[in-house]
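Asker: Sequence:
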Amino acid sequence: MFKDTDFKKALQELPDKEKDKLILRLLRRDMDLAEKLYFELVDTDSIEDKRRIMEITISKQIKRFSENFHSLDYIAVEMRSISGKISHHVKITKDKFGEISLNLQMLNEVIEQNTFSLTHSKPQKSAKFYNYVIVRTFKILLLIDVLHDDFLLEFKEDLNRLGENISKNKMLLKTAIYNSLDINWILNAEIPENISQIHKE
1 MFKDTDFKKA LQELPDKEKD KLILRLLRRD MDLAEKLYFE LVDTDSIEDK
51 RRIMEITISK QIKRFSENFH SLDYIAVEMR SISGKISHHV KITKDKFGEI
101 SLNLQMLNEV IEQNTFSLTH SKPQKSAKFY NYVIVRTFKI LLLIDVLHDD
151 FLLEFKEDLN RLGENISKNK MLLKTAIYNS LDINWILNAE IPENISQIHK
201 E
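Read in order, the letters of the sequence shown correspond to residues 1 to 201 in the numbering used here.
It is possible that some hints are incorrect.
[Claimed, not checked] In the DSBU-like style, the derived pairs of lysine-lysine whose C-alpha atoms are separated by at most 35 angstroms in a straight line are: (1) Lys-36 to Lys-63; (2) Lys-36 to Lys-94; (3) Lys-60 to Lys-91; (4) Lys-21 to Lys-8; (5) Lys-156 to Lys-36; (6) Lys-36 to Lys-19; (7) Lys-156 to Lys-91; (8) Lys-122 to Lys-19; (9) Lys-168 to Lys-94; (10) Lys-139 to Lys-19.
Just so you know, the hints here were simulated from the structure itself, not pulled from any lab data.
Working from the sequences, and respecting the hints, build out all of it.
Answerer: Take a look at the structure:
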């Protein structure tokens, strides 16, 4: 219906006052669209400003749930909450760089601040968490792969940090190997050309 030329023409011919009413009604029903338009048309914050706000938000949330550790399932729920916030940030700002950097930040800070809990958790209790980390790591590599090669250098330090964090945890490293994730890709910031195919398999 929305591709119909007659329909488009009819909308264009509506009086400005009527158009304004329709737009406001639409925005009330779609808050994401309203937020996106506000960012593009009114907000004085840049994408970088929004990203820095997200970095602070993520660090505070990770610090809070790490200091009040209950279980790895609890951490996984909190990480999904952070992932949702990152996705929302990207949806509003189209920040492809931030989608990668913020996910790297999340994984690194969660692993580093929960080293003791991860090391002393039973394998059957930690499997779901480890799988989640590896899935997110694969996603990060896939996101980097579609960007220009120069961007890989921008993430080299954080990738190496993640590689070191995974290598230090025997179960996490074992999970990576089981899922065909070569830790050297992360440590050396060298993503194979067929990463998409490897991920599918």
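Asker: With reference to the structure, classify each hint as holding or not holding.
Answerer: Hints and how they fare:
1. Taking the CA atoms of Lys-36 and Lys-63, the gap is about 29 angstroms. The hint holds against a cut of 35 angstroms.
2. Straight-line distance between C-alpha atoms of Lys-36 and Lys-94 comes to about 9 angstroms, which keeps the hinted pair within the 35 angstroms bound.
3. Distance check on the hinted pair: Lys-60 and Lys-91 sit about 22 angstroms apart at the alpha-carbon level, within 35 angstroms; holds.
4. Between the alpha carbons of Lys-21 and Lys-8 the distance comes to roughly 17 angstroms, so the proposed pair stays at or under 35 angstroms and holds.
5. Of the supplied pair hints, the one linking Lys-156 and Lys-36 holds, its CA atoms being roughly 30 angstroms apart against a limit of 35 angstroms.
6. Under the criterion of a C-alpha separation no larger than 35 angstroms, the hint pairing Lys-36 with Lys-19 is consistent with the structure, at around 19 angstroms.
7. Between the alpha carbons of Lys-156 and Lys-91 the distance comes to roughly 25 angstroms, so the proposed pair stays at or under 35 angstroms and holds.
8. Restraint check for Lys-122 and Lys-19: not satisfied, since their Cα atoms lie roughly 60 angstroms apart, outside the 35 angstroms limit.
9. The suggested pairing of Lys-168 with Lys-94 holds, with an alpha-carbon distance near 34 angstroms, which does not exceed 35 angstroms.
10. For the hint linking Lys-139 to Lys-19, the alpha-carbon distance of about 41 angstroms lies beyond 35 angstroms, and the restraint is violated.
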